[in-house]
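S.K.: The hints should help you fit chain B onto chain A, whose structure is shown.
Protein chains: 2
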Amino acid sequence: MNHFADCLLDAIERKGAPICVGIDPVFSKLPEELRETNTPLESIRAFCVEVMRAVAEHAPIVKFQSACFERYHAPGVVLLDDLMRVAHELELLVILDAKRGDIGSSASHYAAATLARADATTINAWCGADGIAPFLEAAAEAGRGLFAWVRASNPSSDAFQGLTLQDGRTVSEALAQIVAESGAATDCIGQSGYSLLGAVVGATKPSDAVRLRDMMPQQIFLVPGFGAQGGTAEDVRACFKPDGTGALVTASRSITYAFAKSDAEDWREPIAAAAADMAQQIRAILD
Amino acid sequence: MNHFADCLLDAIERKGAPICVGIDPVFSKLPEELRETNTPLESIRAFCVEVMRAVAEHAPIVKFQSACFERYHAPGVVLLDDLMRVAHELELLVILDAKRGDIGSSASHYAAATLARADATTINAWCGADGIAPFLEAAAEAGRGLFAWVRASNPSSDAFQGLTLQDGRTVSEALAQIVAESGAATDCIGQSGYSLLGAVVGATKPSDAVRLRDMMPQQIFLVPGFGAQGGTAEDVRACFKPDGTGALVTASRSITYAFAKSDAEDWREPIAAAAADMAQQIRAILD
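If you read the sequences in order, they're chains A and B. Quick note on our numbering: the first sequence kicks off at 1 and runs consecutively. Quick note on our numbering: the second sequence kicks off at 1 and runs consecutively.
Here chain A stands alone, though its shape is the one from the complex (with noise of 0.2 Å):
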């Protein structure tokens, strides 16, 4: 069976960067052709695999953020189901930013849910161990992928993941610790050493991103916060290995939404040309 880790830096190598769109489909955002004569969801399905066709040739994976799929209900997740389905397709490997998180039994069933055609999802640790095992058992057994958020990128975040333990170590740090510990289990790593647990470090904190890269020598590092919220290639160059390995850079809005900043004829070729620009941009800090 294939391990998620290994999928990922296979694609990575394919597509030349380790570089991942975010897709967060807002209505009111989208191409005014595009709005004018769909519903809101067939607005989104068009949005959504255009920006795919647009990006395959630059990244290996896509991520979706489940949260504006899940606001139309049903349909929505129907629409969702779909274009994972359109994304493999496309040859593009797949993330479901779901981060779901609960203790025993519901655990599992969130892994179910979430695991059932994504290539790997997020999840929420807050509650420890216990609330990782259940994702971890169901993500080995079906070849899937998962990254637990050990470190937000937004300002507030600070004011809590942020704080000093009596050790020493951040709030973030411990659960980094439990991160690389529950993802350390023989059945977990690959044949390329990484765990098929990896980790969500914000990007806009550089100097924790060397303690956590220490902490957590097997996880994968998803990395947001590149563009839009503010992180520049050189804070991303701590969350990599030193060998060009370990890390996967997100961008949503600054890539989809490329256009709203562009004077092109073509929607699409804005959102192309920034993730073409964006993999050149994390190239060039590994090389």
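Fair warning: there could be bad hints in the mix.
Residues on chain B that point at chain A, a partial pick, calculated with CB under 10 Å [what the hints assert, rightly or not]:
#	residue
1	76
2	81
3	108
4	128
5	171
The hints are simulated quantities; they were obtained by calculation from the structure and are not laboratory data. Everything numeric in this text was worked out from a predicted model, so none of it was measured. Built from N, CA and C at the ideal position, the CB exists for glycine as well.
M.R.: Showing chain B alone in chain A's frame:
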């Protein structure tokens, strides 16, 4: 417009006990007569409706575990919506236990998704005040409630949420303070003095509950862990204020699967009896 905390306190007064019945339906655990003749979702629907009828006399509110429905994808989401409607027909308030959490606009989308029909939803505040604010805004506008997951009832949560910070607080207590401050905004406080933002506080840690009760004077506590998870009436006492308000004790498996340990001919009878018994136990500690 109604305020969630005021509505909940009224409903508790009317039914006579601050208890909530958690509905976490798993097909394989349902009564045989339901499983024999129906599809899984038909069986789950019939089961949930009968559970609500059996407990409606004793409980002011039910809590649906979203994961149990999400694992059936879009048809599960449709069923969940339908069951929330049935709950309201039976004059039961509804908490959707979805534990969603994300930053910025994603949190707004989750608020729209979860608060469309439920009277309240559980949230995961791992990313701090930024992650709570969009839910608060949506809930205040719609007259809904929230319960932030401050303290889990599972064994391994101690190893993370129970860690001590340099200032002497635990990780959970630091989050409690953020919750207390977030929920103190004027438009969040009802006539009862309680905020629309409550807190989930596991019942298996009574010593923690005393401190959390002090730190969150305006939060109604949703207290899981009673019954199947080992919590007793004594354990939950610390979650209430001296006047007997301020907490809602919730039990799931010990109520809804009570028939599995019973010889009763009608599987609904042990469920009603278990709810009545729980109401009696909680009333006893408040006298």
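S.K.: Look at each hint and say if it fits the structure.
M.R.: Going through the hints against the structure:
1. 76: Interface hint status for residue 76 of chain B: holds (8 Å vs cutoff 10 Å).
2. 81: It holds, given that the least Cβ distance between residue 81 of chain B and chain A is near 7 Å, below 10 Å.
3. 108: OK, holds: residue 108 of chain B within 10 Å of chain A, min 8 Å.
4. 128: Constraint on residue 128 of chain B satisfied, holds at 4 Å.
5. 171: 6 Å, holds
Checked against the numbered hints above, the structure breaks none of them.
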